[in-house]
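J.: Sequence:
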Amino acid sequence: MVQRKRFSFEFSSSQKLKKALFAFAQSRSDDAQISLYLDTNQHQDKHGTYQVLLALDPVSDFRIEFAGSGDWSRLSLWQKAQQDWCFGHLAYDFKNAQEQLRSENIDGIGFPEAYFFVPAKLFLVQNNTLIGLYLKNEAHAWAQDLEFITALFHQRTPLDSDQNRITDPKGIALKGRLTFEQYQEKFDQIQKHIQRGDIYETNFCQEFYCDDAVLDPANVFQELNDYSKAPFSAFYQLKDRYALCASPERYLNKKGKTLISQPIKGTLKRLSEPQADQKAVAAFVNDPKERRENIMITDLVRNDLSRVAARDTVQVQELCTLKSYAHVHQLVTTVSTELKEGFDPVDALKATFPMGSMTGVPKIRALQLMEVYEAHKRGLYSGTIGYFTPEGDFDFNVVIRSLLYNAKNSYLSLSVGGALTSSANAHDEYQECLLKAESLRTVLSRR
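Quick note: the sequence shown, position 398, residue 397 per numbering that gives the first Met the number 0, numbers continuous.
Check the hints yourself; a few may be wrong.
Below 25 Å or equal to it, Euclidean Cα-Cα: the simulated PhoX-like pairs (lysine-lysine) are [to be verified]:
hint	residue 1	residue 2
1	Lys268	Lys322
2	Lys191	Lys228
3	Lys268	Lys278
4	Lys254	Lys174
5	Lys256	Lys79
6	Lys191	Lys254
7	Lys278	Lys288
8	Lys254	Lys185
9	Lys185	Lys228
10	Lys228	Lys135
11	Lys174	Lys407
12	Lys191	Lys288
13	Lys15	Lys339
14	Lys435	Lys322
15	Lys228	Lys4
16	Lys435	Lys288
17	Lys288	Lys339
18	Lys268	Lys79
19	Lys191	Lys45
20	Lys278	Lys339
21	Lys4	Lys185
22	Lys256	Lys174
23	Lys322	Lys254
24	Lys288	Lys45
25	Lys79	Lys135
26	Lys278	Lys435
27	Lys407	Lys288
28	Lys15	Lys268
29	Lys254	Lys288
30	Lys268	Lys254
31	Lys79	Lys288
32	Lys45	Lys185
33	Lys268	Lys288
Computed Cβ-Cβ distance ranges for the label pairs, DEER-style [claimed, not checked]:
hint	residue 1	residue 2	range
34	Asp298	Phe147	44 to 52 Å
35	Arg306	Ser68	17 to 25 Å
36	Asp225	Tyr49	37 to 45 Å
37	Phe147	Arg73	24 to 32 Å
38	Phe147	Thr48	20 to 28 Å
39	Val213	Gln190	36 to 44 Å
40	Thr441	Gln183	37 to 45 Å
It should be emphasised that the hints constitute simulated quantities derived from the structure, not laboratory data.
Nothing here was measured: the structure is a model prediction, and the numbers come from that model.
Every residue, glycine too, gets a C-beta built ideally from N, C-alpha and C.
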């Protein structure tokens with residue numbers, strides 16, 4: 000296991016500290032930078048281990064542009080060989096590494112289908128303490144880095160200042176790749192597959208995009224993160240490609256032998272009037288359609304986990320539990336298991352990827368059909384961003400409620416989706432997509 004030099008320093012405010020740390024990362028930014036900033040926004044989570052993580056300066060990496068047979072094994076060998084922290088992503092289309100699947104739709108962003116890196120410098124925020132984990136040959140830089148972060152902590156940084164935010168009264172206009180009429184037509188065709196029994200549930204996604212967007216990704220993410228306060232937020236820069244992620248959903252977590260998956264199915268807008276909101280929530284948590292969608296995906300997740308589970312250890316710890324976030328309520332289920340002897344961390348990801356909440360039942364047929372009916376390549380959207388620890392533990396989110404941006408070609412993408420079952424109707428599903436995109440479009444309207 001790689002030995003890192005550990006440093007720590009206590010500050011007076013974790014909120015100011017995380018903003019200073021983010022500003023520190025962006026002060027070093029250029030088109031060649033690779034970095035990942037993860038923020039829980041202080042949500043209480045018994046499965047998590049940090050408030051903020053920041054990984055900088057790759058010293059080793061793993062990259063797959065287009066996934067194919069054997070790439071899961073390649074990732075497993077690389078991850079084991081590092082014996083260190085590894086950060087990065089799996090795009091949705093990494094599904095092609097394990098099944099006879101393809102991805103041939105329009106892709107305006109161009110993230111590789113897998114990328115992980117070992118950082119020279121790693122920062123963790125726990126309570127008010129900043130922890131630095133530096134490779135030994137970088138340890139000399141801690142004092143200078145801490146001095147810079149401390150200076151940012153004690154001043155009003157550009158990322159905190161409304162006066163320094165870029166504003167454009169016209170905002171950034173996104174256009175849908177599908178009109179509602181086209182969405183309705185595809186919805187009807189998918190319903191025929193459901194009626195025939197080809198599938199029972201699927202996640203049908205659509206894209207809103209702008210092909211001449213000019214924006215400062217760091218400023219936009221800061222506004223989005225402050226607005227959404229999502230528990231699995233991420234700012235990910237891979238040179239000239241960016242993911243600005245305000246995800247409420249965990250895909251998969253591993254601690255020791257324990258695996259935890261927390262699929263979300265069911266979304267309700269929060270209302271400003273408390274009594275009206277409580278009434279809406281009471282109806283929402285007991286809605287047969289919402290519960291049916293969630294339970295179908297729960298069964299899919301249980302089945303996926305059983306492939307790598309020790310006998311009789313797959314359990315549903317929470318079913319259709321209400322979780323409330325800044326602007327929406329969600330129905331969240333928690334499924335756990337113990338990893339069977341002989342299976343490694345990457346095996347657990349392979350058995351469950353892509354995550355159940357973004358696929359359908361049965362999974363492979365749903366994946367095949369969505370390649371036919373969706374009009375864009377999902378790419379990093381509905382993939383996952385996260386990390387491995389030196390011990391082989393990991394935590395990965397679901398890349399939803401996210402803006403993907405290619406600075407080189409000025410392409411901005413916002414994808415959203417919803418679960419379709421036999422009881423769904425096109426109007427309601429389309430409106431749910433707009434609700435899921437609301438926080439992102441609100442932030443963009445200010446640009």
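J.: Please go over all the hints and tell whether each is borne out by the structure.
T.: Hints and how they fare:
| no. | hint | result |
| --- | --- | --- |
| 1 | Lys268 to Lys322 | 12 Å, holds |
| 2 | Lys191 to Lys228 | 39 Å, violated |
| 3 | Lys268 to Lys278 | 12 Å, holds |
| 4 | Lys254 to Lys174 | 42 Å, violated |
| 5 | Lys256 to Lys79 | 16 Å, holds |
| 6 | Lys191 to Lys254 | 42 Å, violated |
| 7 | Lys278 to Lys288 | 17 Å, holds |
| 8 | Lys254 to Lys185 | 41 Å, violated |
| 9 | Lys185 to Lys228 | 33 Å, violated |
| 10 | Lys228 to Lys135 | 35 Å, violated |
| 11 | Lys174 to Lys407 | 20 Å, holds |
| 12 | Lys191 to Lys288 | 19 Å, holds |
| 13 | Lys15 to Lys339 | 42 Å, violated |
| 14 | Lys435 to Lys322 | 15 Å, holds |
| 15 | Lys228 to Lys4 | 32 Å, violated |
| 16 | Lys435 to Lys288 | 18 Å, holds |
| 17 | Lys288 to Lys339 | 34 Å, violated |
| 18 | Lys268 to Lys79 | 43 Å, violated |
| 19 | Lys191 to Lys45 | 42 Å, violated |
| 20 | Lys278 to Lys339 | 44 Å, violated |
| 21 | Lys4 to Lys185 | 55 Å, violated |
| 22 | Lys256 to Lys174 | 45 Å, violated |
| 23 | Lys322 to Lys254 | 23 Å, holds |
| 24 | Lys288 to Lys45 | 29 Å, violated |
| 25 | Lys79 to Lys135 | 20 Å, holds |
| 26 | Lys278 to Lys435 | 21 Å, holds |
| 27 | Lys407 to Lys288 | 43 Å, violated |
| 28 | Lys15 to Lys268 | 29 Å, violated |
| 29 | Lys254 to Lys288 | 33 Å, violated |
| 30 | Lys268 to Lys254 | 33 Å, violated |
| 31 | Lys79 to Lys288 | 43 Å, violated |
| 32 | Lys45 to Lys185 | 41 Å, violated |
| 33 | Lys268 to Lys288 | 16 Å, holds |
| 34 | Asp298 to Phe147: 44 to 52 Å | 50 Å, holds |
| 35 | Arg306 to Ser68: 17 to 25 Å | 18 Å, holds |
| 36 | Asp225 to Tyr49: 37 to 45 Å | 19 Å, violated |
| 37 | Phe147 to Arg73: 24 to 32 Å | 37 Å, violated |
| 38 | Phe147 to Thr48: 20 to 28 Å | 26 Å, holds |
| 39 | Val213 to Gln190: 36 to 44 Å | 40 Å, holds |
| 40 | Thr441 to Gln183: 37 to 45 Å | 26 Å, violated |
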